[in-house]
Amino acid sequence: MTTRAFGFSYFARVLGYVSALPLALIVVLTFSDVFARYVFAHPIPGASEIIQFAMAMAIFTALPLVTQAGGHITVDLFTSGVSNRRKACLQVPAELLSGVALAVIAWRLWVQAGEYAGNNTATIVLDLNMAPLAYAMSIFSAVSVVVAGVRTIEAMRAVATPTEVPQ
Amino acid sequence: ETKLLFNMFMAPQDPFNTLVLKPWAEDVIKATDGRVKIDFAPASMASPQAQMDAVEKGVFDGAYMYHGFLQGRVKLSQIAHLPFINVNAKGSSIALWRTYEKYFADANEYKDVQLLSLFTFPGGPIYGMSDPVKSTADLDGIKIYSVAGNVADMLTATGAGVVVAPAARSYEIISGGTVDAFAGYPLYSATAFHTAQYAKAVTDIPGQMSAPSFALFVNKKRWQAISEADRKIVMDLSGEAFAARLEAIDQLEAKLRKDVADQGIPFIEADESLMTAFRTYGKKLRGDWITTAAELDVDGEAALKFYEQEAKANAQ
Amino acid sequence: MIASLIGFGILFLLAFAGVPLAFAMLIVGTIGFALLRGSFESAYSMLAQQVVDASANDGMAVLPMFILMGLFVHKSDLSEDLYKAANAWLGHLRGGLAHATVAACAIFAAISGSSIATAATMSKVAIPPMRRLGYHDALSCGSVASAGVLGVLIPPSVPLVVYGLLTNTDIRQLFIAAIVPGLMLALLFVIAVVGVVTLRPEWGPTGERKSWQERFASLKSVWMVLVLFVAIIGGLYAGIFTATESAGIGASGALLIGVLRRKMTWPTLFECLKDTARTTAMIFTIVFGAFVFANFITLSGLTAALIDMLQQQNMGTLGLLLMMMVIYLILGALMESLSLLILTAPIFHAIATSVGIHPIWFGIFVVMMIEIGLLTPPVGMNVFTVKTMNPDVPIRTIFKGSMPFVAANMVGVGVFIAFPIIGVFLLRWF
Ligand code: NA
Ligand code: NA
Chain R
1 MTTRAFGFSY FARVLGYVSA LPLALIVVLT FSDVFARYVF AHPIPGASEI
51 IQFAMAMAIF TALPLVTQAG GHITVDLFTS GVSNRRKACL QVPAELLSGV
101 ALAVIAWRLW VQAGEYAGNN TATIVLDLNM APLAYAMSIF SAVSVVVAGV
151 RTIEAMRAVA TPTEVPQ
Chain Z
168 ETKLLFNMFM APQDPFNTLV LKPWAEDVIK ATDGRVKIDF APASMASPQA
218 QMDAVEKGVF DGAYMYHGFL QGRVKLSQIA HLPFINVNAK GSSIALWRTY
268 EKYFADANEY KDVQLLSLFT FPGGPIYGMS DPVKSTADLD GIKIYSVAGN
318 VADMLTATGA GVVVAPAARS YEIISGGTVD AFAGYPLYSA TAFHTAQYAK
368 AVTDIPGQMS APSFALFVNK KRWQAISEAD RKIVMDLSGE AFAARLEAID
418 QLEAKLRKDV ADQGIPFIEA DESLMTAFRT YGKKLRGDWI TTAAELDVDG
468 EAALKFYEQE AKANAQ
Chain E
484 MIASLIGFGI LFLLAFAGVP LAFAMLIVGT IGFALLRGSF ESAYSMLAQQ
534 VVDASANDGM AVLPMFILMG LFVHKSDLSE DLYKAANAWL GHLRGGLAHA
584 TVAACAIFAA ISGSSIATAA TMSKVAIPPM RRLGYHDALS CGSVASAGVL
634 GVLIPPSVPL VVYGLLTNTD IRQLFIAAIV PGLMLALLFV IAVVGVVTLR
684 PEWGPTGERK SWQERFASLK SVWMVLVLFV AIIGGLYAGI FTATESAGIG
734 ASGALLIGVL RRKMTWPTLF ECLKDTARTT AMIFTIVFGA FVFANFITLS
784 GLTAALIDML QQQNMGTLGL LLMMMVIYLI LGALMESLSL LILTAPIFHA
834 IATSVGIHPI WFGIFVVMMI EIGLLTPPVG MNVFTVKTMN PDVPIRTIFK
884 GSMPFVAANM VGVGVFIAFP IIGVFLLRWF
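Protein chains in written order, with this note's numbering: chain R, 1 to 167; chain Z, 168 to 483; chain E, 484 to 913.
I should point out that these hints are in silico values taken from the structure, not numbers from a laboratory. Watch out, some of these pointers could steer you wrong.
Simulated crosslink set (BS3-like; lysine-lysine; CA at most 30 Å straight-line) [claimed, not checked]:
hint: 1; chain 1: Z; residue 1: K242; chain 2: Z; residue 2: K388
hint: 2; chain 1: E; residue 1: K870; chain 2: R; residue 2: K87
hint: 3; chain 1: Z; residue 1: K451; chain 2: Z; residue 2: K422
hint: 4; chain 1: Z; residue 1: K204; chain 2: Z; residue 2: K450
hint: 5; chain 1: Z; residue 1: K388; chain 2: Z; residue 2: K204
hint: 6; chain 1: R; residue 1: K87; chain 2: E; residue 2: K693
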């Protein structure tokens, strides 16, 4: 239990750093692009394509972290006033469906990546291949599926032992 | 009865949709006595880049797609984007279809869908937003918006600072004055994207720098669901017949050019310095395309000559 | 048509049972699309394409950039200085500290795009002095929660960005158009405070009057806000940057302020970036769901049927807007605001523009309606935020204290509908 908790917090820290990088890149790139355009009258070629890739990476590297923290927005109107045990009972299907939805995303992104590879789909200016990006998005979604799975199991355990409610 | 759901990635009220695509669909319904019915989705269900994938997978049954987004898959039809070979939309559309039938069909580049037609829009001039762009000197050190592709490459070769973005996002860049000029699409598109109002001078390039070209296609399975007799009826209305419908866009373009001229916006032609710069780079683009064609066992030299001839002959 | 109603029914059932809204929309949208198209393969492909299109999209970068800017500003502790300055000028009036709260929120809103951030940051600095001076909790907490909504109407604004991205509306124009309605709402909030202290003078005592010297001295931190606001919004107006660039420049500028004020360390910087990535991932997951669900709704023919119905019933623009207001008041009471915006914007935008409503004006209208939901029970995110910062104040008191401002907000929407020019006249000069 403690090794697992340690393993995950270490992993979450690493993911945190990884998710910060693409955003830092976007800030630096937009700033330099404007600077280059006004000072040298030459924008950075393909800056928007790098930003496209960075956006996708920022979102998908942070997806497991959001899932782990239970950070996806819920309407939870009818679950806020009920007992912990009931809450846990509702949480099991909620976590399970989240996992299923994430699994479909991971699976279909993998299929999509294969098609990008087959069609040589690439960006126009820098000729960046879409396939590796889609594979990366798929892999981080798959990591989120694992996280959702762990949360489902924890919710099930909470149903069995009403004192322990995961948050 | 077969119902085909068509997607339009350009706005529903875009003149191409209202003047070309929808009248064609009505004619198809009429000619097949309603056995082939064409519906249009009220809002686009896929990005411009994903139209062919979406048709292939049956997200919707039919669509059109810009060849600029198909560079990895469809190499031969990129011929329409080469400089100095286009006159107007009707001529180029017919030329592209005939060249496809005569030279490209065997390469089978649209194998994942059923191709219905090919067409191009009128070529785009250079729109100066304060000063006219007439020579290479005028382009030196200025910022110019362009759609991605040959136009952007040719402008970059002259030394201009080129800002590249999809046409649908050009308004944001042009309206604010982020750039000093823009290029890459006809006046008809500039009007549709609300950027025409920022043009203070229009520079025509004889033979055009490029002309945006598109493919119209349907899902293969859905196509097979139509009886053979009806498929023939649909095909008779598509292909070259569809290409000829682009005349409506030429007429619109001519009217818009007249309106703009009436507002006192000057229409000028590029001078020799600019044309020389474009020709030098254009030669390279043509050479590259011919090499690509050769890899696909197509006599590019002959195809290019044929296209040019047909584009001129059918421009009227 | 029937399919979409069943779809909405199942969506709300799942969402209210605690399934994250993003996944509820994704599941219902995918299955509904598959059933209508008669093929799961088509629905799965649509899903994958929508996910890639929404995320690998440089236009969307404007969103994390504005979120990041808001976090940098938050960490810079500017709010305290802003509040002191507003207080020096307005504190001596009856209910003066509440007026100062509204003013400080309006100024803070000019560089922050989030209402929750505005309420949270103002909570820390504005509520303790009001409580010390004997302000009623309803007025102190209510004014902070309410004036926080100025954060999303006065540009920059994350909800306006989201609206623009979902409906392909120019973000630059949305920001320009929001300025006057935002200032109008701030003015209406001031009137609301006057109303409250007139009816209940004991709720809002007066503070001490500051000398002119102190007043001008208090402005020394306001200039930083002013410079940043002029840089980003002015840069947008003048066309120096696109929306994405102004957001990037804004984030860089806010970072610089943090460094100048010695509030920005490497760990803080990393923390801001990481939090932004998480918020971005959270919002985009809903966007994926919304795009998939919207395609199902498009395919079901609901949008087309509603447009037809509106044209046949001849209920006119006003009837349509009233209907939408009712929907926003009900759903806004029950739902978190950003997800409500993402769920409704694509569908309502298509309907509104089809009957000739100006898309920019409509975006402002939607955001004004969304704001009200931030303050209404049972789910009012701004009230929750203030409650979290002040655990000893009963939540009923904060909801009660927000009611005069909800009324002011409704008046604001009424004026905005009666005089639509408020939302578009600035556009004519740009
Ligand atoms: Na704001
Ligand atoms: Na509410």
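Query raised in the report: Hint numbers the structure violates, sorted upward?
Result: 3, 4, 6
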